[in-house]
Each structure stands twice: as structure tokens, then as C-alpha cells.
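Q: Both chains are given apart, each in its own frame, so use the hints to dock them into the complex.
Chains as they are written, first to last, in the numbering used here: chain A, 1 to 481; chain B, 1 to 244.
These are computed hints drawn from the structure, not numbers from a lab. From the three backbone atoms N, C-alpha and C, an ideal C-beta is built for every residue, glycine too. Please note that the accuracy of each hint is not assured.
[What the hints assert, rightly or not] Negatives, chain B to chain A, calculated, CB over 12 Å:
id	residue
1	Asn81
2	Lys90
3	Ala96
4	Val241
[Stated by the list, open to error] Calculated lysine to aspartate or glutamate pairs in the EDC-like style (CA-CA distance at most 20 Å, straight line):
id	chain 1	residue 1	chain 2	residue 2
5	A	Lys172	A	Asp81
6	A	Lys243	B	Asp195
7	A	Lys224	A	Asp195
8	A	Lys27	A	Glu56
9	A	Lys294	A	Asp195
10	B	Lys141	A	Asp129
11	A	Lys449	A	Asp57
12	A	Lys243	B	Asp196
13	A	Lys243	A	Asp302
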Amino acid sequence: MKLIVKISTITLFSIWLAGTAIAQVGKPFIHDPSTIVESDGKYFTFGTGGSGLMSEDGWTWNGGAVRPGGGAAPDVLKIGDRYLVVYGATGGGLAGGHNGKILAMWNKTLDPKSPDFKYSEAVVVASSDGIEDNDSIDPGLLLDPTDGRLWLSYGTYWGYIRLVELNPKTGKRVEGNKPLNIAIDCEATDLIYRDGWYYLLGTHGTCCDGPNSTYNIVVGRSRKVTGPYFDNIGREMLKGGGKLVVAAGDRLIGPGHFGRTVLEDGVEKMSCHYEADLDQSARSVLGIHPLLWKNGWPVAGDNLKEGTYEIESERRGYALQLGVDFTRMPGGMRFNRNNDEPVKPVPSQALADVVKTWPTGNIGVNLSDYMFRPHQKWTISPVAGAGGYLGGPYYKIVITGTGRALAATQDAEPITVPTFTGAPEQLWRIDQLTDGTYRIMPKEVPNSKEHLALVSSGDSTPTLATFDMNSDNSKWNLRVH
Amino acid sequence: MYIKRNALLLAAGCVIFAALRSQAQSAISGGRVDKITDNDTLRTITPFFIPATTSKKNPNSEGFIQRWLLLEPINKSIRSNLVFTNSYLKTQFDTAYFPNQFTVIPKDRDKVKVGEQELAWHALESPTFNVKLFRLAYGLKKHTYAVLFWAVTVVNSPREIRNVRLAVGSNGGSTWWLNGKETVILDGDRRMVMDDCVSTRLMLNKGKNIIRGALINGPGLSDFCVRLLNEKGEPIKDLTVSLQ
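Bound-form chain B, shown alone (with noise of 0.2 Å):
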């Protein structure tokens, strides 16, 4: 049983970090054992992320995207995760919260103001085949409920692919957008499910093309998990992921 009370969502985050005070992350999965957390002191975002390099980096053995450009958290005013409605969305990420926002490719440490936040982008890599919003948030003392993320990655393609799809899984409502193009769209109340939902068939141009997705979640693990498939369905390996 797991409640997700609207009502105390905003108390939620208050409770939460108090009940953090001394503890830290020593260790989380990168195989199948978890060692049992110590303390919090700490509070970093690693081992969940690295820092992104400018190495030659492909997709995982299963072709999930590990290396993305992800913009601290934009508070938001969320009820209820019931709220992830197609339409809602539509709203959430139509909104303009910074300049150039669907075309931006920003650098590291690059910085947005979105009302009175200032945020950064952060160039990293997840360890794990899915991306943990949740403890990046986390990790950097920003709010970790009722929140708006954005993240964008570069793949190079070493050939026009035609019969792409973009699959996609996330915790929390989001969007994706392939070059530019709405491609999938992720509403409702969800867990992320590898390959949840997928976009319909999509070209891949030879060289670059940007992935961008912003995913908005109330009370929960906020995270997501992005790859391309061919059209037998088959994962796409052969790409390189860089961030410019």
C-alpha cells in the first residue's frame, strides 16, 4: 500500500528532508545488493550520476541513454499526481520558463532564471539504465516533490536511420521531443516501465539529432529511461551520445 495524498504533498518534502538529518548515501544499486544506507551527510547526487565526459560514449548494452544535460528542478503547485491528464501537460510544457527552451542546448553549469529560481544545467551520466530525477534533486538540496525537469542529449548517428522509435519510460507525466517534433507523451499517474510508451515510426538523421524531454511529477521517485529502437524493434547501439 502506498498513498499518494495530495494534501500532504508540500508538508511531505518538510517531513522528509528533517528525517534525513545524519544519514548518507553510502551505496546504491549498481548490481543486484544494496548495502543499507549509513547517513546522509553527504547529501551528493553520487553514485547516481557522474560527471558527464567528452569521451566517446555509447547507449548501454540495451541502448538506454545515460549521458544528458538536466536543468535543476522548477518548483511547481501539484495536487495530485491524478492531475497528468494529456491536456494538463500540454499546459505544463507549452509554458515558457526560460529562454530557448526547445532548442537550447545549453553547457554545464550554464544557468536559467524560472521566476524566482535560479537553476542550473548539469552535464551527467547515470550509472544505472534510468535517469534519477528524484535524487539529483535530492542530492543538490532542491525540492524533490511537485517539480518540473528538463533534459536534453545529443546522438550522433553514423547513418540516416529511417523506422525509429523513441521509447520511452518515466515517473511522472512527460513529454519528448525528437528534433525538434512532439514524439511521445507520457500522461496520467505512472512508474517508470522500460519501453512504456513509444513514438510512431521517426527518422534519425545521419550525424546529430537532440532528444529533449521535461517530465513533471508530484509525491514520487521522479526518473525516466530513454532508447531508440529500430524497426524490428531492436535496441539502436551504434550511435555515439555527447552533449553539444
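Bound-form chain A, shown alone (with noise of 0.2 Å):
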């Protein structure tokens, strides 16, 4: 019986651990975030009410980063070698008032502790009466990167949406704008381009009631960036358009303020806040995605959760293998029987049937037909303490149900070790690239400064080389069988 009930607990934890998924780590309670910016070698994002975080390495976030003036919900852009910041003056809300003002300023460097961290006067760039169908708070900046003009979209429920052109030098309105209205029903909108669509994003659903927000965000797009932006189905933004790109999940409920953070080519991240981290008193927290594209519209990818996989090649669909003898399951051909017999279910392979059969030391890897056998099966955990990335921890990679962990080594190819130790080798970097595939990175190889990734260098044969999104070689899928 007490038997039973270990395994039970341990069948329970199993499960529990498949279907975490983890938050940034530190301290990442933010309301409201700015875009995440790099300056200086480090990330920043800004908040409502003058909060801001910072993070050496995208991955553990804590307070930080300084910004005046308070107000609500900031953007933060970089453009040349200055950082342009917005926010709303005010943002009381709908049972405020509605006299907005959208400030912008400039920073040299967002790093407080840096000589050259200082801001410009603040300047009003855009302005609502109180009266009229607009609020002017939440801003977001885009600079075009077809024409280099520099534009800010702004608004909230309090009727439209707005865009207004600002100086990309000065940071001040184009003399003589005037204001576009391009969505209603709203807010927290963000403007980005791709491939020749402006895409609007927003956050629609309640805002600030912790697990019972309803916050989601949507997008419409323009060819364009003055619109008229339409969802997926053909509705405009201005009669409440647009299409889903998070939604509440893992525990984390109400995703609101999208921002974009291009990291290089086929590896971006959106980020947001949540408004209720039930694994943190439901607090609001920072959240980053990574961000894929699919038929041309943004959707936000799942970060990976601790589970057992198979490790796919999108070059040829073989998958990721120790290096060992096949062994053979009981039976052979099981056709030409005869169709009277009883049949019953045969176990699958496992671990301890072909175990003692691998070597003990360092075993090779290669890549095969998935047959679903042990030396197929990897379980991918976060390693605690060992840092991260933007949006990501450093993982380990073992062989379900053992300890023998997939490392670089100093010739540049994929091994197994026996044991995991943490060292750096043995620590892999994930991220999932806009196509939905997914890019594994050593975060060290022994004796070398390059950033190489896991790599097809044949049908069955991995290598670690220099990642090329264009290329299926260097793009991997983690399946769940």
C-alpha cells in the first residue's frame, strides 16, 4: 500500500512537472511593461508609476530600471544611439478623468550607473480634452523601417485608438500632424512592421483585477501604417476587429501591453504583463514569449514546459538518438495471423530492458527513425540557478530516466556524458523560432567563443554549427508522444 501511494506521489509529481511552465525568475512584478530594450549589455522595461526592471541576462528580472515623471504605461524605442521614452501622464481610468497627456524624453543609455544616463525635458506629444472619444495614455512607438519616419499610436477605451507622426530626431510631434484615428475598443496598443504589413496590436478584455482581469491581446493589419487595420476575418480595428495572440494559460491570467524584441533573424520574443501570476499571490508580472508568425499574423509561442520529447530534425523528420546498439523488441512478423486469436496490448520498450546494454562512459548521438525507445527519449528540465536569456532558462537535456545529459564538446559536436554536472557544455539554450521550430544552442562549447547551435549536418548525423534560420538543418521540433 505504501508502495502504491509512492508511486502515485511520484506518478502526481511527474505530471505536475510536465505541465509547469515557468515564469521569469527573480522579482518581475511590473504592471503596464514598456517593449524590452537592450542598453548597455543589459534589458530593461518600464512600468506604471515610474516601476521598471532590469535583467543581466533576459532571464532574471528585479527592479531597476529609472524613469521620471511616473504616469502609466511607457514604450521605450531605440533610435540611433538614444533611447526615446514615452508615457501617459495620467491614466485613471474609466471612472477618471480623461485629460491625457503622451510625454517623450531621451535618454544616451537606459543603466542608471552609467555616466551618460540622463533624460531630456519631458515634451507633450499628444493630448486628449477629457471631453472627446480619446484618452491619450498607453503609448507605443514605431520607427518605419521602410522610410525611417517615427510613429506613435496612443488611446484607450475611452474611445479611439490614435496615431500621430513624431520627429525621428527630436522626438517631438511633426508640426502640423494631426491625429488618426485607427482603432476603438482597445488599449495598450503597439505597432510593428513585417514583411510589408503594419500590424496593430492591442489589448482588449478588463484590465487590473488581478485573476479576474480579462485582458487578451489582439492584432489587425494595414499595408498601410495609417491603416485601415483589419483582423483575419476582414473586420476593421475601428468596429472592434482583431485577432487573438494570447490569451490567458499556465496559470498566468490576463496578458495585456504587447511588445516586440527582434533578437535576429527567425528568433523573436513578445512581451507583456500578466495580471495575475497564481504561482505568485496572483501579483502582476512580466511575461515573455517567444513569437512566431504563422500565415502572416503574430501569435505568441508556448514557453517550454519540463516534459519528456522527442528531439525531431525538421530536415528529415529523424530524431535525435544515443548512439547504441538497436535492440530488438520480443516477436517479429505479426501479419498472417490468425484473426480469431485474442489480442492484447504488448509494453513498449523500456529503459531497464536496454540499459545495461549502453555503454557506461561518454556515448555518441545520431538521428534516426522514431521508434519511441529509450535511447529516443529526452527530458528537457530547467537547470535552477544556472541564469538564462531573454525569456528563457538554461536547460538540461537527459535521457528519460537516467542521468546522461547532452553536452558540446570541444570539436564542436553533440555527446552524451554520463552524468549531468552543470557545467556549461552541458547546459542548452531553446528557443522557439518564429516557423514554430525550435533552435538548441550549447550555451558554451569547450574552448571556444562561438555560438553555435545543434545542427543536421546529414540525415543522421547532428553536428553543432553556426545557426541559419533559412535552413531546416539548424531547426528542430520537440515532440510529445
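A: Below, the structure is given as C-alpha cells:
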């Protein structure tokens, strides 16, 4: 009986682990975060009321970003070698006033420890008079990569979301520029550009009510920055349209205030806050997801959950496996049998059936068709205290049920070592790419400063090489069977 | 960020009205450009509404119905928009506020007594696809938050049309009836989104059809948009909209 209880407990723990996605660590408490930007080798985001977070690695977040002016829901954008920070001076909500003002100011650095850290005087770039169908809060910035023009969207549920143009050299409103209405019934908008489309992200739902907040992020797109913006069924955002980008999940409720951070070709992240993290006193926390693009629409990817996976090459579809002898399962040909024979389940091959046949030292890896054999099953789990990168922790990748860990050799080849030690070459960065596949990179390759990724050099041969977003050799799927 | 705080609700109206003293609505978007409002000393429902006429009027190019009889808002006690559950709406809209509330087709300026309030019906047309009830209440110097509106219109169909759906979006919870039958309920704390909720398949009679709606809201810009969709999901536009 005790054994049954113990096994059940282990089983439940395993199920819990398999369903856990880890949020940012540290003290990532913030509301209405700006887009995450990098300055002086650190990541920064600013929030409502002068709050702000800083991170050395993008995974552990604590206070430290400094912004004067208070107010609400800032955004920040690097233009040239300076940072333009915008924020709403007000933000009292539907039960408050609507005489809003958007202010803009510059800084050469966002690092308060830098000698260059000094904000310019904030100037008003947009406003509302309290009566009109607009409340000038919640700004979002876009520097149009096609022509260098600078745009600011702003507004909330009090009427229209508006668009104005700023001077990218001064940060001030372009003289004579009139606001355009581009959406209704959302707030916390942000504009982004990709492949000939302008995307308007907005937050729908109810803010500021903890686990009862119904915040969610939606998107529409246009060929022109000035709109009109339509959703995926052709519904204009001026009529409330919008396609869902991210909603609640993984015990995180109420995502709002979208921000996009492009790390490199194929590696994008989206930031937001969650109104309530049920694992952290239901407080409002910073959220970071992989940003995927599906059929021309942005959608939040899933932060990798701890679990057991097939690591499948996008090249041919073969699975990463230990380079050990194939062990046959009992039985052979199973057709041309008497159909009246009773049928019964056949157990899958188990680790105990094969592990004693494996070498005890280092074992190489190769690729082959997946047959859900023990040497093809990998458990991927975050390593506490090992740090991380923007949006994710470093993981260990071990053969399920063992301590045998995937590692990088000094010859830039993947191998497995009998025991995970936490060495940098045994830690793996896993980014979901914009197409939904994954990039898998060792934290370090011994005696090398190169940032290499797990790559298929042949159908059956993996190696470590430079990542190429345009090659399926560089991409992997993490499949659950 | 926009806080919908229930505790601030009743105080909010006073704060807003005090803040609105010397400003008037000069122009609100008919197109895509808004002129910043200079002052509101006029405190009027224009340009959000124009008086309804008896001239022939079809739904607009997207099928939205823009001609309505609107009752001035009934004051309610609403602590939070999060209370707008389905059962809450049923209770609120099943309440008898004035005689024949589920059958009457009032005339412009008809008045009804609701508790201590004497409220008038207004025959109006909205220049926009949506009917901005907040601006109706604001322009008439009524309560704008914690209110319940009634709306009625008459749709004349040249033929019997089957498999029609009534498509509604509303800021605030609302319920809609076609020819006396409850067809769509929009519960929860909603913002107005076109085609947010649609009815099951209905039949539009040849001739007169009555659409009736009730909308309740706490803090927020109350409004709604209504159109009829055919069995292909396309807007039905060869209708005429009258108020009798």
C-alpha cells in the first residue's frame, strides 16, 4: 500500500512537472510594461508609476530601471544611439478623467549606473481634452523601417486609438500633424512592421482586477501605417476587430501591453504583463513568450514546459538518439495470423530492457527514425540557478530516466556524458523560432567563443554549427508522444 | 491600462461633469480624423445623432441599422461591470420598468415614468455604424454611467427571409429581441465589437419586423451596433428601417 502511495505521488509529481512552464524569475513584478530593450548589455522595461525592471541575462528580472515622470504604461525605442521613452501622464481609468497627455524624453543610456544616464526634459507629443472620444494614455512607438518615419499610437477604451507622427530626430510631434483614428475598444496598442505589413497590437478585456482581469492581446494589420487595420476575417479594428495573439494560460491570467523584441533573424520575443501569476501571489508580472508568425499573423509561442520529448530534426524528420545498438523487441512478423486469436497490449520497450547494454562512458548521438525507444526519449528540464537568456532558462537535456546528459565537445560535436554536472557545455538554450520550430544551442562550446547550434549535417548525423534560419538543418521539433 | 473600479463609479460621474465645464464637442469622427474638441458648452447629442426622419432609409453599406428609438437612460445601481452575468441580465431585463416595454413602438418624445424618473423616447439616426448611447446620455445631461437603455427599431423586409441571424456588438451587457423573441444575449464586461454575438437562425417576416434591445452598463462608453446577416453570413441591406 505504501508503495502504491509512493508511486502515485511520483506519478502526480511527474504529471505536475510535465505541465509546468516557468515564468520569469527574480522579482518580475510590473504592470503595463514597455517593450523590452537592450542597453549597455542589459535588458530594461518600464512600467506604470515609475516602476521598471532590469535584467542581466533576460531571464532573472529585478527592479532597477529608472524613469522619471510617473504616469502610466510607457514605451521605449532605440533610435540611433539614443533611447526615446514615452509615457502617459495620467491613466485614471474609466472612473477618472480623460485629459490625457503623452510625454516623450530621451536618454543616451537606460543604465542608471552609466555616466551618460540623463533624461532630457519631457515634452508633450499628444493630448486629449477630457471630452473627445480619446484618452491620451498607453503610447506605443514604431520607427518605420521602410522610410525612417516615427509613429506613435495611443489611447484606451475611452473612444479611439489614435496615430500621430513624431520627428525621429527630436522626438517631438511633427508640426501640423493631425491625429488619425485607427481602432476602437482596445488599449495598450503597439505598432510593428514585418514583410510589407504594419501590425497594430491592442489589448482587449478588463484590466487591473487580478485573477479576474480578462485582458487579452489582439492584432490587426494594414499595408499602410495609417490603416485601415483589419483582422483575419476582414473586420476593421475601427469596428472592434482583432485576432487573438495571447490569452491566459499556465496559471498566468490577463496578458496585456504587447511589445516585440527581435533578437535575430527567426528569433523574436514578445513581452507583456500578466495581471495575475497564480504562482506568485496572483501579482502582476512580466511575461515573455516566443513570438511566432503563422500565415502572416503574430501569435505567442509556448514557453517550453519541462517534459519528455522526441527531438526531431526538421531536415528529414529523424529523431536525435543515443548511438547505441538497436535492441529488438520480442516477436517478429505479426501479419498472416489467425484473426480469431485474442489480442492484447504489448508493453513498450522500457529503459530497464536496454540500459545495461549501453556503454557507461560518453556515448555519441545520431539521428534515425523515431520508434519511441528509450534511447530516443529526452527529458528537458530547466536548471535552477544556471541563469538564462531573454525569456528562458538554461535547460539540461538527459535521456529519460537517466542522468545521461547531452553536451557539446571541444570539437563542436554533440555527445552524451554519463552524469549531468551543470557544466556550461551541458546547459542548453532553447528558443522557439518564428516558424514554431526550435533552435537548440549549448551555452558554451569548450575552448570556443562561437555561438553554435545543434544542426543536422546529414540525415543521420547531428553536429554543432552556425545557426541558419533559412535552413531546415538548423531547426528541431520537440514532440510529445 | 484602464481601471474599471466599482467603488469610484458614482463619484466618477460628478468628477467627469465637473471637468467638462467649458468645453464643447466641435466635431467627432465621421471619417478618420478627429478634431480636438474646444469646449462643451453646447452639451448636445450632435454630431453623434441626427433626428430621425420618415424618409426611406436602408441599413448602411455594411448592413448596420442606424435609425432607432432610444429611451433616455434608466438610472441603476451597478457596483461593477463584472456583475453582468447571464442571470444578472435576465433579472435586470425581465424587470418591468414601464408599461408594454416588450411590445411598445413609441413615438418621438413619448414619455414614460420609471420610478422617480420621467424619461423620453428619442427618434434618432446615428451617422456612424454604432449607436453611441454614452453620447446620447451625455448630450441630454443624463447619467452616463450605471445606466440601462432601451432601443427599438422597425425593419421592413421586401420578402420572407429564412436563416437570418441578428448580429450584435455592445459595450455593456445587452439582450436583443426580434419580433418579441429573445435572440441574442451579450453577457460579461464587454466592449463593442461588430458581430460579437449572433443569434441562431431566425426568420425575417415579409413586411414589418421589430428589433428591440436593452443594454446595461456601469463605467464605460455605452454603445451598440446591430445588423442582420443572411445564411451566407453576408449583411442584408435591401431592407428599409422605419420607426413605426
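Q: Now look at each hint and say whether the structure bears it out.
A: Verification of the hints:
At the 12 Å boundary, the C-beta of Asn81(B) falls inside the reach of chain A, the nearest C-beta of that chain being 7 Å off. Every C-beta of chain A lies more than 12 Å from that of Lys90(B), the closest at about 21 Å, which supports listing it as non-interface. Listed as a non-interface residue, Ala96(B) keeps its Cβ farther than 12 Å from every Cβ of chain A; the least gap is roughly 30 Å. Once the 12 Å rule is applied to beta carbons, Val241(B) is consistent with being away from chain A; the minimum gap is 19 Å.
Between the alpha carbons of Lys172(A) and Asp81(A) the distance comes to roughly 17 Å, so the proposed pair stays at or under 20 Å and holds. The straight-line distance between the Cα atoms of Lys243(A) and Asp195(B) is roughly 14 Å, inside the 20 Å bound, and the hint therefore holds. As the CA atoms of Lys224(A) and Asp195(A) are separated by approximately 12 Å, the hinted pair is consistent with the 20 Å bound. Note on Lys27(A) and Glu56(A): the hinted pairing holds, with a Cα-Cα distance of about 13 Å set against a maximum of 20 Å.
The suggested pairing of Lys294(A) with Asp195(A) holds, with an alpha-carbon distance near 13 Å, which does not exceed 20 Å. Note on Lys141(B) and Asp129(A): the hinted pairing holds, with a Cα-Cα distance of about 19 Å set against a maximum of 20 Å. Distance check on the hinted pair: Lys449(A) and Asp57(A) sit about 17 Å apart at the alpha-carbon level, within 20 Å; holds. With a C-alpha separation of about 13 Å, the suggested pairing of Lys243(A) with Asp196(B) holds against the 20 Å cut-off.
Taken as a hint, the Lys243(A) and Asp302(A) pair is honoured in the structure, with Cα atoms around 17 Å apart against an allowance of 20 Å.
Hint 1 from the list above is the single one not met by this structure.
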